[in-house]
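Asker: Listed below are the residues making up each chain.
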Amino acid sequence: MVTFLNIFIGGLLMGGIYALVAAGLSIQYGVGRVLNIAHGEFLMVGALITWYLFTIYGISPLISLILIAFVFFFFGFLLDRSLFSRLRNISPSVAAFEANSLMACFGLQFVIQNIAIVIWGAELKGFSYMASPVNILGALFGANRLITLAYSLGIAGIFYLFLTKTRYGKAIRAASQDIFAANLMGINIKFVLSLCFAFGALLAGTAGALISMMYSIHTTMGMEYTVIALIVIVLGGLGSITGSMLGGLILGIVGSIVSYLEPGLTLVAYYMLFMILLLVRPTGLMGRGS
Amino acid sequence: MNFKLISLALIGVTLFFLVLLPFFGSPYSLVLLSNIFMYVVLTVTWVMFCGPTGYISLATSAFFGAGIYTAAVISFKVPLLLTVLVGALISFFLALIIGIVSLRLKGIYFAMFTFGFVELLLHFLLWYETNITGTTGRVVLTLSNQTVYYMMLALAFVTIVFTQYLNNSRYGMALKSIGENEMASEHIGIDTAKLKILTYCVSSSFVGACGVVMATRWTYVDPKIAFNPLYSFIPIFMAILGGARKLYGPILGAIVFTYLQEILTTRIPYYYMLFFGLLMVFVITFLPEGIVGIIDRRLKTKIN
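Quick mapping for you: the protein sequence lines, in order, are chains A and B. Quick note on this note's numbering: the first sequence kicks off at 1 and runs consecutively. Quick note on this note's numbering: the second sequence kicks off at 1 and runs consecutively.
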């Protein structure tokens, strides 16, 4: 029974992290059509800034988190205004824009990663913060994991309310359904798209801040998280926040079961799941029909 | 003298020069040119399928890695040409599998599927090698620079000639019509699925053969070296850099890229990936038609 609980709750906590990692990419692709391959690099930078501020100045990761949220939001907004809005202008179709922005993000990934390597080097780093164990029905988990789960559920809740209750939330949902029509309805599409990319960057950065408290981090870790995020959003449906929450939790539990049975095959299982889902139901579990 | 004759003569002279190069060129020039030929094969084969149809395949490194691994497993046991053939065949069948299950996926979904396929192959092989065979890396047969050079020259030449032939044939036209409107081309009687899959398989088998030959340059390979996702993205970048609309675009892109890489890795080894990232973003945002686009514009203004 304790083993089962360990697997289940461990999976749930892992899933919370995965959901958080994926949520940003889900908004960026779902609304803005930017399949941001550099998503994991934003996360990495968030994690390393948190590590740096904690080890050098002793600033609590939870304070860095708020700081990172603002900085990344601003930076993401600027990036969309400068790079992706230009790409939108020169691309003749949505498909061409998706291809162009994918390649631009791939270039961006090199830029961000290599700047980080120049600043921080490539060796493993880590610190432990709030790692004291918490007993849940006989199974032990670090307090920082519970905080991460709470944060990711909280973020999901806030975003849900934001998307359903506010004017800008409505504008974003309208844009994700039909950009052209939304534009005709008088929505400032450029602003909304930049807003979405900025939110994505914010989510990636804060996810990085939380991850730095739990795992060892390094400047070349971005791609792993990008791949996880890709799998989760395909699982949950591109562009659906609730979908990526659900997808994250499912992936967490699947990962936790597989790593209990055969640890070496966890990633293989993820990719199998990913590819089967792409073939059987490319719109994802919560996605709209094509 | 017409334009076609001049260009044929030019190609002939270049080829003659390249064939004789090992007799007077430095060893370094052979290594550099072999690298250029490798990237030419990777880029031209990518453009062969993805250019006209508009599908974005990120599985180049799967085929390249399959070739590399073939060389690692059998290069000591069988003659070289047979290894190349086996590598090409394995890539052919890998592409067949991807093609059959995934070519109904459109746009970004196909890109993600092929990307996932490479990672799946990589991680499965990593697990298999550490847990079943108990090896972490393999040694590959080493060949002389000259052998690698001639093999790559032949491969690049065959790839280019084949692509040129394909582009001008009715199959090339059919591929282009798929890129423009898949449903319409199906209605005019093109067997789109068969044509897409076959082209994908043939283009991939060139990549597999290329992997076999280039593996001999590395002497030691492991799954992470063989299935490096970089080899999926770099050819696309070279195609964009050169311009994918004409056949000489990707070739030009590969040459410029390899030469730049050669200079930058020696001059600024710590910053060269950073530089590439910036170059990539720059080319995509400001030169969407690549080098070919610039040349075309110059020619047009001259004529007018």
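Check before you lean on any hint, since a few could be wrong.
To be verified - Beta-carbon label-pair distances, calculated as ranges: (1) A/GLN177 x B/LEU278: 34 to 40 Å; (2) A/PRO263 x B/LEU10: 57 to 63 Å; (3) B/THR136 x A/GLU262: 15 to 21 Å; (4) A/MET185 x B/GLU180: 29 to 35 Å; (5) A/GLN177 x B/LEU260: 41 to 47 Å; (6) A/GLY121 x B/TYR28: 27 to 33 Å.
Just so you know, these hints were derived from the structure itself, not from any lab. For each residue, glycine too, the CB sits at the ideal point set by N, CA and C.
Asker: All the hints need checking, so say for each whether the structure fits it.
Answerer: Here is what the structure says about each hint:
1. A/GLN177 x B/LEU278: 34 to 40 Å: Given range 34 to 40 Å: holds, Cβ gap about 35 Å.
2. A/PRO263 x B/LEU10: 57 to 63 Å: Distance hint for A/PRO263, B/LEU10 holds at roughly 58 Å.
3. B/THR136 x A/GLU262: 15 to 21 Å: With Cβ atoms ~18 Å apart, the hint holds.
4. A/MET185 x B/GLU180: 29 to 35 Å: Hint holds: Cβ distance 31 Å, inside 29 to 35 Å.
5. A/GLN177 x B/LEU260: 41 to 47 Å: holds, 43 Å
6. A/GLY121 x B/TYR28: 27 to 33 Å: Holds, at about 32 Å.
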